[in-house]
Amino acid sequence: MRSLRVLALALLALGAAGCGPRGPQPIAYGQDQCGYCRMTISDERFGSELVTRRGRVHKFDSVECLANYYLAQHGSEPAHSLWVTDYARPGEFVSADSAHFVQGERVSSPMGMGLLAVSTPAEAERLAREHAGRRLSWEQVLETVARAGARVGAGHAAHGPAAPPPGGAGAHDTAH
Amino acid sequence: MTPRTERRRRAARLPWALLLAALAGLGAGAAEAPAQPRLVVSPEGPLRTLGEAVRRAAPGAVIVVRAGTYREPLVYVDKPLTIQGEGWPTLDGQGRGEILSVTADSVTIRGLRFANTGVSRVEDRAALRVTEVGGCRIEGNRFEKTFFGIYLAGARDCVVRGNLLRADPTSEEATGNGIHLWTARNVLVEDNIVFGHRDGMYFEFAHYIVARRNRSEGNLRYGLHFMFADDCAYEQNVFRRNGAGVAVMYTRRVSMTGNRFEDNWGSAAYGLLLKEIYDPVITRNVFARNTTGLFADGAVRIQAEGNRFVDNGWAVKLMASTSEGRFARNDFIGNTFDVSTNSRTNSVDFEGNYYDGYRGYDLNRDGVGDVPHRPVRLFSLLVEQNEPALILLRSIFIALLDRAEQLLPALTPETLVDERPAMRMAS
Chain A
1 MRSLRVLALA
11 LLALGAAGCG
21 PRGPQPIAYG
31 QDQCGYCRMT
41 ISDERFGSEL
51 VTRRGRVHKF
61 DSVECLANYY
71 LAQHGSEPAH
81 SLWVTDYARP
91 GEFVSADSAH
101 FVQGERVSSP
111 MGMGLLAVST
121 PAEAERLARE
131 HAGRRLSWEQ
141 VLETVARAGA
151 RVGAGHAAHG
161 PAAPPPGGAG
171 AHDTAH
Chain B
1 MTPRTERRRR
11 AARLPWALLL
21 AALAGLGAGA
31 AEAPAQPRLV
41 VSPEGPLRTL
51 GEAVRRAAPG
61 AVIVVRAGTY
71 REPLVYVDKP
81 LTIQGEGWPT
91 LDGQGRGEIL
101 SVTADSVTIR
111 GLRFANTGVS
121 RVEDRAALRV
131 TEVGGCRIEG
141 NRFEKTFFGI
151 YLAGARDCVV
161 RGNLLRADPT
171 SEEATGNGIH
181 LWTARNVLVE
191 DNIVFGHRDG
201 MYFEFAHYIV
211 ARRNRSEGNL
221 RYGLHFMFAD
231 DCAYEQNVFR
241 RNGAGVAVMY
251 TRRVSMTGNR
261 FEDNWGSAAY
271 GLLLKEIYDP
281 VITRNVFARN
291 TTGLFADGAV
301 RIQAEGNRFV
311 DNGWAVKLMA
321 STSEGRFARN
331 DFIGNTFDVS
341 TNSRTNSVDF
351 EGNYYDGYRG
361 YDLNRDGVGD
371 VPHRPVRLFS
381 LLVEQNEPAL
391 ILLRSIFIAL
401 LDRAEQLLPA
411 LTPETLVDER
421 PAMRMAS
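Chains A and B supply the protein sequences, listed in that same order.
Take the first sequence: its position 141, counted from the start at 1, is 141 in this note's numbering, and no numbers get skipped.
Take the second sequence: its position 166, counted from the start at 1, is 166 in this note's numbering, and no numbers get skipped.
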């Protein structure tokens, strides 16, 4: 009798799992690979996720990679929800639509564009001051990343110390 | 006074001056020699903290730190100084934060032991931080249980040499990078040993960096990691048992010579990972016992010459976005797959490589096989599309398929063929 109940419960749990998760899944830092840049996800302040309508979870190491993936995949496999980590509370997800973003040269984000996300406007204001950055909405993040183009980090490199290569083809010239 | 007598008088005065100086030196103690003022820090005093010594020191002074354990708040080195440890003095961060912060040009840090910064989830906490300076030398120090070890931000013309960094690899994500360069220029990183960090060495927005003869082992992510770091070189390093050996990403003109990429096993493990890079030059390296030796995704104009690929799962994986490269005089020995790709088109040339799986012959004995060799097995293409198919690796049917494809290529890239396979190993 008891084992039957356990079995029923197990089946129920399996069924629920089969329906697919709708929220974000925990990221195994140091193990999971970024779905866009292939790097091992390792900085707890920046992990991001995209959950598709079918319940598939794609994990990313940064806001940049989530945005790039979203821009590239949009339409082919519809997204259900997008999640970013609250920079001030590593390990806690906040939905990209409601998050507040900061872009600053001094933010050491994994993909070099200096993007971070937090859950409250006050935190965003504080971090923007601290990192000499500017505040952005998710839509503005998408625009910024789209402008930076295929080469992630190009936006940062433009005002970093990197000089353009002498006579060499820029990433944009040769990217396809 | 004639010039001659003047010279004689000077000559006569010189020994006296020397004697006087020597006497003065004896009287005041050698520590106070005027040429290079020295301050000594020791647990017995009178100077008991490094912080106090730095405050008192004049620019250009040498501070000697004697053996002992020093627990003090973050020390800012804000003038050109040489800080020299004797008998491995320990600067203990007591788990509370950063230990030494250099903000002046021409600082030398030598022979110190940094320990226990503690970990942080919200900041890149480093035992030794160098910010916006030139001409620093960080030589022969030890870093134990530090989150980030050496962190150079905005540094130029520096040397990082002969340091030993050992993080605590038991705590999975709670470890930072060993040697971290961020917006740096012209830095030499050599003869260091790095264990158990996130990335052993990490170079971002760094240019003209040379890394050589370093050993990077057991790091959780990469042994060495380039991000947006053009015009760098690394040579004669050993990368062993890291999450992946080396990752070169979003970078142009990196040269890689004489390195060993070894024992990187796991589903996402590579000896060398190239991602969105241009004009990499890969010469005389050894790739041994990796799940994938060399993985290229979006690599343009690879030049790979004289490398040895030994006992890897996949020796070389070229993703579709990789173009216009050349593989010449490399040795492929004991790999399950020599070359694999997910594309039917190919613009990478293979010429004069040695393949232990080559079944051709050399009738005119010129050392070049008379029959062209196709290093991509049909089966590797199937596996690329359907990984579980790997279970069929040893089946007779697959062997037949591979042979048929070798003779009449239908699915493997038609142009991926070595017209002049070598009969003997290059090395």
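It should be emphasised that the hints constitute simulated quantities derived from the structure, not laboratory data.
Incorrect hints may appear among the rest.
[As the list claims (entries may be wrong)] One-sided and incomplete, this derived list gives chain B residues near chain A with beta-carbon spacing under 10 Å:
#1 Arg56
#2 Trp88
#3 Arg121
#4 Thr175
#5 Asp199
#6 Arg221
#7 Tyr222
#8 Met227
#9 Ala247
#10 Gly266
#11 Phe295
#12 Arg308
#13 Val310
#14 Leu411
A quick note: this is a predicted structure, and the numbers were derived from the prediction, not measured.
Where a beta carbon is used, it is the ideal one built from N, C-alpha and C, also for glycine.
For each hint, the structure was consulted:
Because the smallest distance between the Cβ of Arg56 (chain B) and any Cβ of chain A comes to about 32 Å, over 10 Å, the interface hint for this residue is violated. The interface hint given for Trp88 (chain B) is broken, as the beta carbon of that residue sits about 31 Å from the closest beta carbon of chain A, more than 10 Å. With its C-beta approaching chain A no nearer than about 4 Å, Arg121 (chain B) sits inside the 10 Å limit, and its interface hint holds. With 10 Å as the threshold, the beta carbon of Thr175 (chain B) comes within range of chain A, its nearest partner Cβ sitting at about 9 Å, so the hint holds.
The beta carbon of Asp199 (chain B) comes within 8 Å of a beta carbon in chain A, closer than 10 Å, and the hint placing it at the interface holds. About 5 Å separates the beta-carbon of Arg221 (chain B) from the nearest beta-carbon of chain A, less than 10 Å, and the hint is met. Because the smallest distance between the Cβ of Tyr222 (chain B) and any Cβ of chain A comes to about 8 Å, under 10 Å, the interface hint for this residue holds. Taken as an interface hint, Met227 (chain B) checks out: its beta carbon lies about 6 Å from the nearest beta carbon of chain A, inside 10 Å.
Satisfaction of the interface hint for Ala247 (chain B) is found here, the shortest Cβ-Cβ separation to chain A being roughly 7 Å, below the 10 Å cut-off. Taken as an interface hint, Gly266 (chain B) checks out: its beta carbon lies about 9 Å from the nearest beta carbon of chain A, inside 10 Å. With 10 Å as the threshold, the beta carbon of Phe295 (chain B) comes within range of chain A, its nearest partner Cβ sitting at about 8 Å, so the hint holds. The interface hint given for Arg308 (chain B) is broken, as the beta carbon of that residue sits about 25 Å from the closest beta carbon of chain A, more than 10 Å.
The restraint placing Val310 (chain B) at the interface with chain A is violated, with a minimum CB-CB distance near 24 Å, outside the 10 Å limit. Here the hint on Leu411 (chain B) is broken, as its CB sits about 24 Å from the closest CB of chain A, past 10 Å.
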